[in-house]
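**Q** Letter by letter, the chains look like this.
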Amino acid sequence: MSEGVNEADRPEVLAGEGTDLFSKFDPVITMRRDLLDSGVTDPFNLVMEKVLSPTRAICNGRDTILLGTYNYMGMTFDPDVVAAGTQALAEFGSGTTGSRVLNGTYQGHRECEDALREFYGMDHAMVFSTGYQANLGIISTMAGKGDYIVLDIDSHASIWDGCALGNAEVVPFKHNDIEAMEKRLRRIPEGAGKLVVLEGVYSMLGDIAPLKEMIAVAKKYGAMVLVDEAHSMGFIGPNGRGVAEDQGVLDQVDFVIGTFSKSVGTVGGFCVSNHPKFEILRLVCRPYVFTASLPPSVVATAATSIRKLMHGADKRARLWRNSRTLHAGLLEQGFRLGTSETQSAIVAVIMPDLERGATMWEALLREGLYVNLARPPATPANMTLLRCSLCAEHSEDEVETILGMFQRAGKAVGII
Amino acid sequence: MGQMGYRMTLVEAKQGTATLDMTGARRFAPPHQASERHAMDRAAIDSRIRTLIEPFNKKAVTITDATTFAGDLEFDSLTVMDFVAEIEDEFDVIISMNQQAEIENYGQLVTAVGTLAGDDA
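So the sequences go chain by chain: A and B.
Sequence positions in the first sequence follow the working numbering and run 1 to 416.
Sequence positions in the second sequence follow the working numbering and run 1 to 121.
Derived by calculation from the structure, the hints in this document are not laboratory data.
Hints are not guaranteed to be accurate.
Unchecked claim - Facing chain B, according to a computed beta carbon distance under 8 angstroms, are these residues of chain A, among others:
| id | residue |
| --- | --- |
| 1 | ILE153 |
| 2 | VAL170 |
| 3 | PRO172 |
| 4 | ILE178 |
| 5 | GLU179 |
| 6 | ALA180 |
| 7 | ARG184 |
| 8 | LYS277 |
| 9 | LEU281 |
| 10 | ARG307 |
| 11 | LYS308 |
| 12 | ALA381 |
Where is the CB? At the ideal position from N, CA and C, for every residue including glycine.
One chain only, chain A, in its complex shape (with noise of 0.2 angstroms):
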């Protein structure tokens, strides 16, 4: 690290540049070093000391309001999901350290996805370790050599390291432009696999997918679809499936991916799917298979919590009725917002840059509040985002108080 002004005809070397491996990450070095040079504090280094509620946790001292956990539906201290947790830790114990297909099946990881199968009224529930390992293991799985994937480019790492894994031929098209999608069907070779991969909500803006018309257009083609509903589940739709329900098209998805460390509160990823060979996967699925499964206090929790989803109606209009607030107020307040009305329980507030998106991030911290600060390249169009997602247990006093921070905050900054 250098201790000297850093002149612009003099570029610092960095320690180890041209010499190693690590050489490849020197802009993201030297971004972040700017960051921090300008005084702000570490975005990507905050520690929770002390979590109070699915609402509040204790950051640096100060007793902080939660707004970007996706702890959507506040399962995390639901007290039958902590007992089901501590329950199973005592009888089971604290892991299974074994595979699925070996040791690792216990009888939790059944009723985990028999509550699942449940919840979407599916044949079929396979559970992985995490959300990521889903998208990772399905689309790598379903899509090979010489199959194509059809994707929307605003898709999560997940999906796109799916991709990379399974050596597919990989097509994006633009963000939610369902002719340009449609283009990019007709043009495959006939013959070819295909496999279209969309998601219920976008995380970055919290924009949904107008599914029903894309999935019509890839059934066309006689493509496969795949749907990520990680930022759905629990209170989109008439059962809380997500989108597709919403939209009605929850049977025409042959594959439903799903995470628990959303809406259902811990940790781990799924599959649903009414496919009559789906089982076949959990013989041939490399990131399920060569993994070791989840604890068994872990599944516990999630079916406790997914049982409890299935009747959480009011949980549901909390949410929504907090997302719209919060919403309405942000634009009234003279935000720039990532959706014009309110799509999803994210709330996506546009930053004119990093530098400033920092600066307002570390404002709203210092006023006790904590948002997830977005920026490139995991956001689309290069934006900076403070992305903001709601919780049932959100109190509408809480929601009165967040937007005084957002505002006192953005006018310290000079954002409105």
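With the hints as your guide, set chain B onto chain A.
**A** Positioned in the frame of chain A, the structure of chain B alone reads:
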């Protein structure tokens, strides 16, 4: 999903013009096709791509076959997506991300489009 068929095409492709598309023999063009007609096609393709690239060439860089997209033209991933979409629409082809990874400069793009659009031209 027809893995054997794809593998056979790959073997054939190695003997002819390099193609990254392993999905069907109809993409396969043997080397002796590099005839006068082929050369004219290349000039026509070059001219159409030159027109398409103009709005993306913000710094009016002089474009030769050796001009690189990332280095000389400073295309970021968003620009690449928009530019590739324009070319795909113009020639009614797919240039998959896998194929894009092999295309670094302008000349390689013209060659790739020629190969992809070959049997439709």
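**Q** Which of the numbered hints above does this structure break?
**A** 4, 5, 8, 9, 10, 11
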